[in-house]
Every structure is written in structure tokens, then in C-alpha cells.
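A.B. asks: For the protein sequence lines, the chains are Z and C, in the order given.
Add 186 to a position in the first sequence, counting from 1, and you land on the number used in the numbering used here.
Add 1 to a position in the second sequence, counting from 1, and you land on the number used in the numbering used here.
I should point out that these hints are in silico values taken from the structure, not numbers from a laboratory.
Backbone N, C-alpha and C fix where the C-beta goes; we use that ideal spot for every residue, glycine too.
Any given hint could turn out to be false.
As the list claims (entries may be wrong) - Partial chain C-side listing against chain Z, Cβ under 7 Å, derived:
(1) K217
(2) A229
(3) N230
(4) V232
(5) F236
(6) S237
(7) G318
(8) D353
Unchecked claim - Below, computed lysine-lysine pairings styled on DSSO-like, alpha-carbon distance capped at 30 Å:
(9) Z:K456 <-> C:K134
(10) C:K235 <-> Z:K555
(11) C:K235 <-> Z:K457
(12) C:K217 <-> Z:K566
(13) Z:K241 <-> Z:K189
(14) C:K352 <-> Z:K241
(15) Z:K630 <-> C:K356
(16) C:K352 <-> Z:K630
(17) C:K235 <-> Z:K551
(18) C:K352 <-> Z:K195
(19) C:K352 <-> Z:K234
(20) Z:K555 <-> C:K242
(21) C:K242 <-> Z:K551
(22) Z:K551 <-> C:K134
(23) Z:K260 <-> Z:K234
(24) Z:K241 <-> C:K34
(25) C:K242 <-> Z:K553
(26) C:K356 <-> Z:K566
(27) C:K242 <-> Z:K456
(28) C:K356 <-> Z:K195
(29) C:K217 <-> Z:K553
(30) Z:K501 <-> C:K235
(31) Z:K566 <-> C:K134
(32) C:K242 <-> Z:K501
(33) C:K235 <-> Z:K566
(34) C:K235 <-> Z:K630
(35) C:K134 <-> Z:K457
(36) C:K235 <-> Z:K456
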Amino acid sequence: MNKAISVSKITKSFPGVLANSDINLEINEGTIHAIVGENGAGKSTLMKILYGMVKPDSGDIAIFDNKTVLNSPKDAIDSGLGMVHQHFMLADNLTVLESVILGIDKATFKNINLKRYTSEITEVINKYNLNIDLNKNIDELGVGEKQRVEILKVLFRGAKILILDEPTAVLVPQEVDELFNNLRDLKNNGVTIIFISHKLDEVLEIAEDISVMRGGIMVNTVSADGISKKDLAEMMIGKSLPKPPKRQSSISTSEILSIENLSAVNENGKKVFENISFKLNSSEILGIAGVEGNGQREIVEAIIGIHNYETGTIKLENNTIDDFSIRERLNLGISFIPEDRQAQALIMDMSLTNNVILGRQSLAKYKTKLTTVNLTNAAKASESVVENFDVKTPNTGTIATALSGGNQQKYVVGRELEDNPTLLIASQPTRGIDIGAQALIWEKLRNTRDEGLGVLLISADLEELIGLSDRIVVIYQGQFVAELQPEEITPEILGSYMTGLKK
Amino acid sequence: MKIRLRLVSFSAPIIALGLAVGLTSLILLGIGKDPIETFRMMFEYGSTGKSLVSVLNRTIPLYISAIAVAVGFKMGLFNIGVEGQYLLGALLAAAIGTSFAIYRPIHIFLIMLIAVVASSTWAAIAGYLKVYKGIHEVISTIMLNYIGTGLIAYLLSTVFFDEDEKNAIPQTVELPESGRLPSLNNVVGIEDLPNLHGFLPIALLLGLIYYLLIWKTTLGFDLRVTGANPVAAKFSGVDPKRLTIIAMIISGAFAGLVGMGPLLGYFHQYTIDFPPGLGFAGIGVALLGRNHPLGMLLGAMLFGFLERSAQILDLRGVPKEIETMMSAFILLIVVVFYEIIRRYIVTQQIKDASKKVESST
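Could you build all of it, start to finish, from the sequences and the hints given here?
C.D. replies: Here it is in C-alpha cells:
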């Protein structure tokens, strides 16, 4: 069988992170090939390399047996390779037709030949059974339709290989079925599809070959026939990788967070979560399980005060905090580990000592009487974080960029635990970091839980969620659909609740 | 940061100056002038005592203007409106300041206060428009510059027009003696030279205040954090709307003082000759000095020196516009080299950190 893509010995490192190490991969023409792995396994980096967005440090790429150097996405498109990003790159105020032809012509003063384009695009739509109305505006389309427009865009540009980055993350189950039908039609018409996902059920349903990545290396490529989900999961997570061992805690009866009937809509007026109520006691870790995009992020942001909510009440200990600003909430003892440390938790070109103050600017500890920054206390605090969390850094004057991902994350977690918070909201606390850092963060989270901290944990790592949580609630399409005891469930069971299969 | 890296970061402006001299020389050669002779003339003229006083007098408003711009830059705001802000502030201060006469320090303080209030109010309009109407501050401040200039022309020719004067030049009445800042010549012992504006120590004090405000206070911390990473800043409890308005007001307050050196020390009234362009020049100085109080001081002095020393050129048959080109070369080149050096320093720090990791594992 002909190879659509063959990749050999690709290596790419970012400051402090080896994102891809010696990757080999062959993809047969006219097949659906899945690439699975957890967040941070290196899938996205590999795809960005294939699509010309990132240049590898070393290694070769051949597309349809032609050795190719990809300097930009344009090179990739010219070689017949197109990518559909997880986040759509569409402008709301254009029609589908305009979106598809956007950027195809060189900018000249000539008229655009809309008639010709319309018939050519309609041909592509019919060939692959895509069911799209060219005259609709993008903002009239549902998520599934938008995705088809994205697929149409790359097909119309002559792509013979399609990379789909987590295409199902944004879809509801019926839309997933529809997408899979489209993908099969594409395949039958000779298109090669690379399907990136971490949802194993879907991968087993749609793909013929499956490549598993973990920690920047390519673990294995297997045929989807005769492999079980369990085998795949083991390859993905790695048998050597520790999952947090269960440890019982005695949850105290003092309530620290109480949320009642919280509902919110996003800027488009779409409901993001509805009638959310729960309580969290001190010395308790409450896990929220859910497929990304089901409202868990917005709930967390509502508690911090970043996301508005229309109805409902949030109480922290004895304070009703609905009217509190973000800063007032943080000052009451809420600590927050955001999901993206570099974009949300750190100032990358500031020193660790400056970063320790972030989020605590108005705490008395970091302020002198003249409202100047108390750098003495900040230096002490950052020294203590570095020591307690084993952050590997030359000193606390080093800028955050200079640290590896794991050390950055340890520093963020340490900072959030430094000033004895009442409530910790931990969003993906160990995403994309090395095993050692992960184990340390787990240990620290549990220790502080034992000392009385209440933790709200959000994680895409189901083992982490089950291992750490004292209680798990499942969110699906903006609503809590189940409350589970972690000792009674497995990732598979949790997964079926998360995808709405079980209620 | 290590001393070695600090030294490296100084090299950018020096390299830029060197390359700018080189490029300017090429242009001089192209128009048939001797570059060495030109620079020698400039240096000789620029370093006379009379010129040095003039350089310092030019430095004062340029420096304050750079500070005003830098306050915005530190939080990622582009206050292009320092120009309109300082002119409007100076006009109102001159016009109102002439209407009373009291004890000199109080009089001078009140004049400065009027300028500060006027300019920061003008700047706050741009802040308000950004926060509540979503209008980018670059657009609004540019528009406010036009409106300000028009407003000044109107006020100067109607409300503040001194009809008793027969010369009919639009200008405000001269400040009374108590509203004038004495020169520093007696203090530094240069009685034989032109007046050194008394605003110099205040300008230096403003540099210190700027430094303390940005690098030492928690407000300054919020500003810097927002400039470096607005998302993380918001997550850390910074209210970006409130901070934007505060930053515009502070920037405008500094802008208000830009015109005070010339007004209190030399012009003593607002006339149509009152020096324009200082607000725009301040943007360049802030860039050259990397928003640092000392860097901007050196930058303002450099530009002041170039401007003054170029005045000899026309008399000697060299077009003095060569100086404007040279300043522009310096700015263009320095921006490039600052970025190169910033990347170098980050790489060095990453190397240091990974060495540390290797040695400890």
C-alpha cells in the first residue's frame, strides 16, 4: 500500500520540554489513521510539524513518497495536506461560499468569479456528501456544520490528506455520528485522514490504524482490529506511570463552599451551565468530571469571578460572594491553579519572586505600609515554594520562561498553596508535565487536603480524578448528571457518564 | 539578572547609535558632504556651554513626555495623545495662572496643578472611551490631539485673547513674576550662560516618582503584570477597566507637566510659538530608553543634543534635516537590537536553568 505520509526520526524540543523525541510514523493512503495520547503527549506538536507550523529540530517528512521540507502551512497545502483545527477559523459575518474561497485568489483588482467557484465547490460537496448550504452565513451554522465548512475548505484547496485535531471535542453525539459518516465517505473517495483524539471509543470505531503517543515518544502503531480499549489505555498511560494511590481522608463537616442554582450564558447567549448546586467541605477533594466544553471551565470561572452568572448564589464559608470582585474573592482565601500555566498563571518574563505575588498583590503580606510591593516577603515566599516543591531553578530571580513545564507547574501549585488558602480550585493541575512533578503535586494536594483545605478538582486525566477525589460529580452539557464515589468506579464507567451514555 | 546580562542589554543603544552614525555618513557622502567634518562641527557646536544649557532645557520636557508615554507602555497602552494633553494643559495653566498672584511656590504649584488636572482629564476621556465604548486608545488619542489643537486655537483667539494688546497675536497674558520659575544659573554658578530652566530638578524628581510608582508600588506591579500578560493579570485579580482609566490619568498627569519647563522657565505665557511636537518626540525617547527612568533620561539628552547641535549645520551648508533622519535611524535600529538582545538574555537564562536541573539530578 502506498504511504500518504512517512515521518522518520522527528525530534522537536521547546525550552525545557522535549515535545517529540525520535518519532517514526507511516500512514497508508486512503485510510483513517488515529493518533491518540493524553494532553501533552506530543500529538499537537507532531501535527503542527506535519502542517508546517513548527519546524522540527531534526528528522524527515515524506508526503506521497516525496521528501518535503515544510516551512509554512502553505507548503503543506501545496503538498496536498490540510488541517482542520479544533477551534474553527471562520468569520461569522461571511457566507459559507466566501469562507471557502477566502484567501484562494491572490489579491488583485479583478472580479471574483463567484459563478465558477460556486459550481466547483458544489461539485466537491456532492462528491463527498457534505450537505452544506453555500449561501448561509457562518453565524447561522451549528457546530457540526461549521466543522464541515472547515473540511470543505481544505478539500477545495486540493487536500488529499486531512488532519483533524480533536474533531469530536466540540460535538454532541449525533453530530459525532454524522461526522464519522462524512469521514467514511471521504475515505471511500480516496482521502487519507489523520484523526487526533484521546477518546478511545471513537478511535476504535472510526480508525483502521492507531498510533499511540506518550510523553513525546511514539509508543506503538497498531491495527484497530483486535485491540481492546484497555490495551490502548495502557499504552497511552503507560504501565509504569503511577496513578495516585487511593488514600482515605476524614472529610470534615464544616462547609467551605456552597453553590446554589447557578446558571450562566456565554456572550452568544448560549447556556453554558444550568442549575448547578453543590457543596464542598473542608478536607475534601471534589472532582468535576466532564468532556472539555461541557461547562466545567465556566463554573470555575464563575467562582473566581471572571465569568458572569445570571442566577444563583456562591457562598464561601459565611460570605455570600456574588457581588465580590475577583480580587476580593482571592483575598478571602480562594486559590486558583488555572489550566494553562503559561497563559493564565505566570508572567513568563518576570522573575519567580515577582510571580509569587501574582494573585496576592493586595494581601497585607506582600504590601508595605506605603503600598509598595514587599519584595522581602515575596523573596522569602518564593524561596519557600522553591524548596517545598522541589522547583529546579538557579535561583528565585530566574524568569519563569527559563523553567521546564514541570517546574513551572510545581511553582504555580506551590504558590497557590503558600498562603494557606481556604479553597483551592485546581484546573488540570498536572497537565503535560513529567511523572516526577506529577507525583509531587498529587502528594502535596493530598497533604494540604488532610490539613483542612477544600479542593475543587477539574481534570481530563480520569485516573487522576478518581485517585485524588473524595467525591466526583459529572457534568454533561452544562448540567450535573451524576454523583459518584471514586472507589466504586473505573475510568470506563466515568467516561460513559461523561459522554452521556449512562445517566 | 546577572551583571553580565545587564551589561549586554546596554549594548543595544550603543550599537544603534554607531550604526545610525554609519548610515547618516553614507547619506552625507551621497549628497557630497564630508561626514567626519559634519559630525565634528556638530559635536563642537553642541558641546559649547551655551549649547549644553540649551540641551538640558530641551531634555526637561522631552524626558517628562517620555515618562508620560512610558506609564502607558508599561501596561500595554499606547497614549499617542501626550501631544494634545500637554498643549491643552499648558494653555489652561498659562491662562488661569495669570489671573492671580500669590506667594511664589504656591503660585507655581497651582499652575502645575491646573496643567496636571487639565491634561489628565483630557487623557481620561481616551481611557473612558476604551473601557466603556471599546475604542482603541491609539485612535481616540490621535483624534483627541486634533480636537485639542482645534480647541486651543479657538480658546487662544477668543476666550483668552488679550484685546488690550495692540499687536493682535493670539497669546495669553504673561504670568506675573510670582508665577515664574527662576533659572538655576546662580545655583550652579553659570551666570554668564543663557538661562537654565528651573524645572530641571522637578523633572529629575518626576523620574524618581515614576520609578517608585512603576517598580515599587502595588499599583505599578498591576500595571506591569497587565502589560506583560493581560490574561494572567485578570486571573490575579486586576480589574483591567479600572486600571486602564487609572493608567491614562497618571499618564496624562505626567503629560501635563511636559509644558511646564518651557512655560514657567522661558515663555511665561502661551503663544502660538509654544513648542509643539514634544508629545510625539516622547514616544521615541520612551522606546529608546526602554521605559526605564535612567534610559529615558539618557535618551532625552541624546535627542536634545542632536537637535541642538544640528542647528549649526544649515549655516555651514549641510541640510539640518540630516539630524531628523539620524534620530529615526537610531530608533529603528534600537528596536531591532532590543529584541535581539531580549531573546539572547532569555536563552541565556534558560541555559542557566537547565544546567541547574542537570546538575541536581
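A.B. asks: Now tell me if each hint is right for this structure.
C.D. replies: Here's how the hints hold up against the structure:
1. K217: This hint holds: K217 of chain C lies near chain Z, its Cβ roughly 4 Å from the closest one there, short of 7 Å.
2. A229: Holds, because the Cβ-Cβ distance from A229 of chain C to chain Z comes to roughly 5 Å (cut-off 7 Å).
3. N230: holds, 5 Å
4. V232: This hint holds: V232 of chain C lies near chain Z, its Cβ roughly 5 Å from the closest one there, short of 7 Å.
5. F236: holds, 5 Å
6. S237: Holds, because the Cβ-Cβ distance from S237 of chain C to chain Z comes to roughly 4 Å (cut-off 7 Å).
7. G318: At 47 Å from the nearest chain Z Cβ, G318 of chain C fails the 7 Å test, so the hint is violated.
8. D353: With Cβ-Cβ at 5 Å, under 7 Å, it holds.
9. Z:K456 <-> C:K134: At roughly 24 Å apart (the allowed maximum being 30 Å), K134 of chain C and K456 of chain Z satisfy the hint.
10. C:K235 <-> Z:K555: holds, 24 Å
11. C:K235 <-> Z:K457: Given pair K235 of chain C, K457 of chain Z holds - Cα atoms ~23 Å apart, limit 30 Å.
12. C:K217 <-> Z:K566: Judged against 30 Å, a Cα distance of about 17 Å means the pair holds.
13. Z:K241 <-> Z:K189: holds, 22 Å
14. C:K352 <-> Z:K241: At roughly 21 Å apart (the allowed maximum being 30 Å), K241 of chain Z and K352 of chain C satisfy the hint.
15. Z:K630 <-> C:K356: Roughly 26 Å separates the two Cα atoms, so the pair holds.
16. C:K352 <-> Z:K630: Given that 30 Å is the threshold and the Cα spacing comes to 29 Å, the pair holds.
17. C:K235 <-> Z:K551: At roughly 20 Å apart (the allowed maximum being 30 Å), K551 of chain Z and K235 of chain C satisfy the hint.
18. C:K352 <-> Z:K195: holds, 25 Å
19. C:K352 <-> Z:K234: holds, 25 Å
20. Z:K555 <-> C:K242: holds, 26 Å
21. C:K242 <-> Z:K551: holds, 26 Å
22. Z:K551 <-> C:K134: violated, 37 Å
23. Z:K260 <-> Z:K234: holds, 13 Å
24. Z:K241 <-> C:K34: Given pair K241 of chain Z, K34 of chain C is violated - Cα atoms ~48 Å apart, limit 30 Å.
25. C:K242 <-> Z:K553: holds, 22 Å
26. C:K356 <-> Z:K566: Holds, because 24 Å separates the two Cα atoms, which is no more than 30 Å.
27. C:K242 <-> Z:K456: Holds, at about 25 Å.
28. C:K356 <-> Z:K195: Answer holds: K356 of chain C to K195 of chain Z is near 26 Å, not above 30 Å.
29. C:K217 <-> Z:K553: holds, 10 Å
30. Z:K501 <-> C:K235: holds, 22 Å
31. Z:K566 <-> C:K134: Violated, at about 43 Å.
32. C:K242 <-> Z:K501: holds, 26 Å
33. C:K235 <-> Z:K566: Measuring from Cα to Cα gives roughly 25 Å; hence the hint holds.
34. C:K235 <-> Z:K630: Measuring from Cα to Cα gives roughly 26 Å; hence the hint holds.
35. C:K134 <-> Z:K457: This hinted pair holds, its Cα atoms lying about 26 Å apart.
36. C:K235 <-> Z:K456: holds, 24 Å
Hint compliance for this structure: hints 7, 22, 24, 31 are broken, all remaining hints hold.
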